[in-house]
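4 protein chains.
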Amino acid sequence: MSNQLVSIAVIGAGRIGRIHAENIATRISGARLAAVADVNLNSAREVGARFQVPIIASDCRNILRDPSIQAVAICSSSETHAQLIEDASAAGKHIFCEKPIDLKIERIEKALAAVQKAGVKLQIGFNRRFDPTFARAREFVASGRVGEVHLVRITSRDPAPPPLEYVKQSGGIFLDMAIHDFDMARFLTGSEVVEIFATGAALVDPNLERLGDVDTCVTTLRLQNGAMVMIDNSRRAVYGYDQRAEVFGTRGMIEVGNPVPDAHRHCDETGTHSAKLQTFFIDRYQEAYRAEMQSFVDCVRFDRPPAVSGMDGLMATTIGLAAGSSIAVNRPVTLNPSELRGVT
Amino acid sequence: MSNQLVSIAVIGAGRIGRIHAENIATRISGARLAAVADVNLNSAREVGARFQVPIIASDCRNILRDPSIQAVAICSSSETHAQLIEDASAAGKHIFCEKPIDLKIERIEKALAAVQKAGVKLQIGFNRRFDPTFARAREFVASGRVGEVHLVRITSRDPAPPPLEYVKQSGGIFLDMAIHDFDMARFLTGSEVVEIFATGAALVDPNLERLGDVDTCVTTLRLQNGAMVMIDNSRRAVYGYDQRAEVFGTRGMIEVGNPVPDAHRHCDETGTHSAKLQTFFIDRYQEAYRAEMQSFVDCVRFDRPPAVSGMDGLMATTIGLAAGSSIAVNRPVTLNPSELRGVT
Amino acid sequence: MSNQLVSIAVIGAGRIGRIHAENIATRISGARLAAVADVNLNSAREVGARFQVPIIASDCRNILRDPSIQAVAICSSSETHAQLIEDASAAGKHIFCEKPIDLKIERIEKALAAVQKAGVKLQIGFNRRFDPTFARAREFVASGRVGEVHLVRITSRDPAPPPLEYVKQSGGIFLDMAIHDFDMARFLTGSEVVEIFATGAALVDPNLERLGDVDTCVTTLRLQNGAMVMIDNSRRAVYGYDQRAEVFGTRGMIEVGNPVPDAHRHCDETGTHSAKLQTFFIDRYQEAYRAEMQSFVDCVRFDRPPAVSGMDGLMATTIGLAAGSSIAVNRPVTLNPSELRGVT
Amino acid sequence: MSNQLVSIAVIGAGRIGRIHAENIATRISGARLAAVADVNLNSAREVGARFQVPIIASDCRNILRDPSIQAVAICSSSETHAQLIEDASAAGKHIFCEKPIDLKIERIEKALAAVQKAGVKLQIGFNRRFDPTFARAREFVASGRVGEVHLVRITSRDPAPPPLEYVKQSGGIFLDMAIHDFDMARFLTGSEVVEIFATGAALVDPNLERLGDVDTCVTTLRLQNGAMVMIDNSRRAVYGYDQRAEVFGTRGMIEVGNPVPDAHRHCDETGTHSAKLQTFFIDRYQEAYRAEMQSFVDCVRFDRPPAVSGMDGLMATTIGLAAGSSIAVNRPVTLNPSELRGVT
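So the protein lines, in turn, are chains A, B, C and D.
Going left to right, the first sequence walks through residues 168 to 511 as this note's numbering numbers them.
Going left to right, the second sequence walks through residues 168 to 511 as this note's numbering numbers them.
Going left to right, the third sequence walks through residues 168 to 511 as this note's numbering numbers them.
Going left to right, the fourth sequence walks through residues 168 to 511 as this note's numbering numbers them.
Chain A extracted, bound-state conformation:
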C-alpha cells in the first residue's frame, strides 16, 4: 500500500475532528481526506467544503461500508468510541481513535478484542507523545542518557475549567485530564504503574464537590522499575496552559519546559519579562496533532505497529480508575498484576 494514498474518513466534525481533517487534507504525506461524517450534517458539510472532500455523511455507517475508505479517525463524542471501534473493525478499516476508548474497562476490552480479531491497526490519540519536546525527552530516556530513572515529575494545568455539564459526563479529572499524564508517565519511562496514591480537592470550583470530582490534585505513582512519579493537576492556571515534565535518573535529568509563543524578552524598571504561555491546547499541541496523524498514516502504509496501542489506552484508563479509588479511600491502591502488561 505504500505507493498509494491512505484514504481516511474523519468521523465527528467538532473541534478535534476539524484539526485532524485539516491536517490530513494539507499536512500529512501519504494520505487523503476522503470523507467527513457528523451527526450534524452541516458541520460535516462545512469541513467538507473547506477541503473539497468527496464524501459527506451524517451517518457514518455509509462510510464504513465504502470500500474506497481504508481508515477512520474517530473524533466523535467519547461515549461512541468503543462502538465505532467495533464497527470499523468489522468493516476492516484501520482506526485512529481519540482518547478515551471508554470509561469502563470491560467495554474497552471488548473493543480491543474486536480490533484484534479483525487484524486492523488501532492508534489512540495520546497526542502529547508526539509533541517535539516530550518526544525528545523520551528519546533521552530511551537512549540511556538519563540513566536508570528514579523520579518523574509531571505538571499539567489547564487555563480554565470546562463547563460543569461537560465535567458531569467526562469521568472526572482523572479520566478526562490526568489520563494524559498517566500515559505520559508510562511513555517517558517505558515502565508500568504498580501503585497509585491520589489526593485532591475542589479548590477552583467548590461546586465540583457535589459531583464527586476535584479540580486540583496530586498523584503519586510507583513503577515496576522502582521509580516514583509525581503528577500535579489543576483545572485553572491563570498564566496559561502549563504542561511540563522532568525525568531524573542516575546520569542526569531531562526537563520538558513550556514552549513560548514568541522569543522576546523585555527589561524595564520592574524586571525582566517574557511572553505569556499559550492559552489554548490546540495551539500548544499543533505539531503534536500533525505528527500523531502522520505516524498513524505511516503505520498503515508501511504495516508497522501503531505508536500508541489500544493497550496504552486501556492502561491509562485503568490507572485513572485506580486514582479515583485511591482518593475515595485515601490510601494507596495497588494495580492487579493481571493489569500489568508491557508498554508498546
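FYI, nobody ran anything at the bench for these hints, they're computed from the structure.
These numbers were taken from a predicted model, which means no experiment stands behind them.
In silico DSSO-like pairs for lysine-lysine, Cα to Cα no more than 30 Å straight-line:
no. : chain 1 : residue 1 : chain 2 : residue 2
1   : B       : K443      : A       : K443
2   : B       : K443      : C       : K443
3   : C       : K443      : D       : K443
4   : D       : K443      : A       : K443
Model the placement of chains B, C and D on the given structure of chain A, informed by the hints.
For chains B, C and D alone, coordinates are given in the frame of chain A:
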C-alpha cells in the same frame, strides 16, 4: 472584493515559490492558488499536482493575460523581478514580490513608477517583519514601552555560506543578506538611515575576496531620530541560524531571541544543555512566510496599503549600496536627503 | 542593647561552625566573634587564630559562665543540641541553634520549655528561608501576588550521599535532609501540615535498606489551608545541588530556580550549553548563612522575635517523624490537632 | 615570601578603597591589611577601626617609607595615580592601581618606566577580567572552543549617569567608561586593536554636548587577528547595570549574560517575569573585586607576572584616546604600529 477569494498566481516554483504556493493553497484565508508558472515546466507541474492548481504555465505572460487572476507572487530569480513587476502592473495585477526588487536604484524606481501608474498593490517580501517575535518587538517600540530609542543591535548569521556561483550574482553580502537587517532597522525604529559605516572581511572563505565580497561584517547606522544601530553578519554560524535583535531606549529594552525547536533542558555532569537552534531559514520563518502572505491577501481584499511597500524595498537596497561604498572607502557614507522618505 | 555589638560564642568549630564564625567576624553588622569552643581544642584554636578571637575553649561551660558573652551559636553535633540549649538558657544566653534541635519530640519540648522559662531568644538554623530566591518567593506569596495557594512543589536533591556512618545516626532522610523541605513548605505557605503521605526506596545505595532508610523519596503534604505540597528528594544528583520550589495559586505561580555559578551560554554544533549547578551546599547557601545570622543578631539587638522559632524546629521534626511513619505503614498519616500551632 | 602574609596598604579610603580594604582584611588568603591612608584622615580612621588596621595615615608618604609594608593598593582619585605609582616604585613597593593610570600616554609611560626600573609588580584594576562569567568566556576562547574569533559584541550600560562635575574631569565616556570594554576586547580575544571607529551622541543628557562628551555611543574595533568588535555604551539603562559580551568564532559562540540577584520566575496573567538586574556596580562585581586582589596577592607571593599589566592599562587608554579622535573626525582611526604590543 472582500467576500471573494483572491486568485493568486505564483511565478517561480523554486524553493521560495513552493513555500508561498503551499501557504496560499492551505493556510491563507481569503485566497486560492489559481496558477503556477515556472520556466521549468516540470517544476510548475509538480507544485500544481500537489495542490490541484488549475493553471500551469512555463510562460507567465499567459497568466498575466488571464482575467481570473487578481494577484501574482513573484518568486522567480532576482534579475527578473523588476520586469515582472512592470508586466504585472501593466496587466493590472496586485503584486507580492520577493526581495530584492533589483540591485540598481534606477531600475527599482522605474518598476515602482509602473506600480504607481497602474494603481495596483505591491508588497515586498521582507518576511522577518512578520515573524512573531520581531513583530512583537516592533509593537513594544511603537507603543512607546521602550521609550525614545537610543541603540539597536541586530545579529544575523547564516548556518553556511551559499555557493560561490550564487554569491557572484547576488550583489554581495549587503544586498543579499544584510538587506533584511537594514529593513529591520527601519521597521523596528520607524526611523530613516542617515549615515552608514561598514567594515568587513572574508574570514569564512578567503575566495570571496577575489569577488570583492566579504562574509563577515559589522555595520553601524545613524538614524534620523538620533539612534545608532549596530548590525553584525556572518555567513557561517556552526550552531545554527542566529537571528536576534535588541532595541534599547529611555524606558527599557526589548530583545528578540532565537526560537528553539523544542523546549527541553538537559542537566548532566558537564552542565545544562538545551536544543540546537534551527538550521534552515524556512523552518525559522515558517510562520513569518504565512503571515506575510495573509497580510498581502488582506491588503488586496480590504483595500489597505501593503505592510511592506515598494519604497521599503527601495530604501533597503539604497542602504545596502551605501554600505558597499562605505566598505570600499573605509569611512562613513551619508545618505542623500532626497533618499530619505518616510517609512510606511 | 542596640548600640553595642552582640558578643557571640560559636560552639563547635566544624564545617558549619566555621561558616558562622567567619560570617560573625567579617560580614555581620552589630556583632563580634567573642569566643570559639570545640571539644577538639585545635579546631577551636585554628578558627580563633584566623579571626583573632579573644576566648578559645574546649569546654563550652566556661563560655556559658562568661558574662561578656550575650549569645551562642550552637554548631556542635546534633545530639548535643538540646542539652546545650538548656544550658545556654540557664546561663541567660540568646541562642542560635543549627537544625535539628533533637530527633525526639519530648526532648525538643523540654529544651523549648527551658528557653521559654529563661526568656532568651532562640533561632533555629533553617538557613534556606534566608536564601534570596526562597525569601523572594515567600514575599510574593505573603503579599498575595500568587493568590490563594493550591499547589506547592519542592525539589531537593543532593549531589552525593553522605557516608553510611553518618546516615546511621542522622535520623534518616526525613529528619536529616527533607526536614529543610518540610520547613520550606510551612515557610512558603504560612500554613500547617495536617496529613502526610511518603513513599521511597533505596535506589542510589541498596545498603541503606538494611538501615531502614531510603535515598529517594516523594512526600505529599496536605495543609490546613487546603493546599497540597509535593516534595521529591534524592541523595544523588550527578548534575549538582538541585534545590527548587514552586508555589501555584489562584493568581499565578512563583518558581524558585537554581542559581548558576556563572551566567555564560555556549552555542556549538551540538546545542546550547550553560554552567553546571553548584555542587556544594556551602556555596549554594553562602548568602543564606550570612543573612540568617544577621537576622539573629538583629533580633537580639532590637528585641524582636526570631525569624525561625523553636516551634518551627519542633514542627519540622514532627512532620519528619510522621513521614517516617507513613512510609512504614504505606498510608497517609494525620498530624494530631494538638501538634498544629501557628507558624511564627 | 610565599609563607608570609603580604602586608598591604590601601591608599584612598573612598568607595573603591573600602571594597579593597574589606577584601584584604577578610577574604584574601595570604595578605593582611597593614595600613590605610587618606587625605581625609577621618575616612582612613573609619576603615581602620572597622578592620583593626595598625597604621592609619593622612599622608601616604609615611606608609611608603615603612619597611613592614610590601605592597600598596592605589585607590585615590585618578589624577594622583601616576605620581603614586612612581613614588611606590621608588620605595620598592608592589603596586595594585585602580584604572586609569592617567589620561595622558606620556604620563603613563613615565610611570611604567619607573615600575620597570624598580622591578616591582604592577597590576591595573580591570576588575571585569576576574568576573566569573567574563573569565569563563576567556577560558573558552583561549582553549579554542570558540575556534578562530570573527566577531565580538560588548554591551556596557550604566544604570545612571554620573554627576556633570565628575564627567568634566573623567576624560569622557571613552576614558572613563568604555575603557573597561576596550580592555575586555583585548582580554577576550588576546589580540590587539588596529583600527577604531566611534560614533555617539548626548541622548541622555544634552548638556554633555557642551562638555564635548557623549552618553550613548557605538564603537567598532578591528583587531590584528582580523576579528571585528562592536561595543555599545549608554550612561543610563533604567533596567539596571547591563554588562554583556559575546565572542563568535569558527567553532561556536560564547555569551556572557547578566547575573541575576535571585533566580525566581513569576508567571501571571500578563506573562513571565524574573528579577531586575543589579543596579550597583559594586554588587555586580563583588566577586571580581575579590578575585583580582587575590590574583595580585598571589603574583606577589609566588613571584608571577601580574594578570593585568601596566601595558594593558596603557593600551586601553590609547584605544580610548583614539576613539575620541575618531568621533571628532567621524572616520576610522588607525593605531600606530608602535602602539601595538602583545597582550600579556
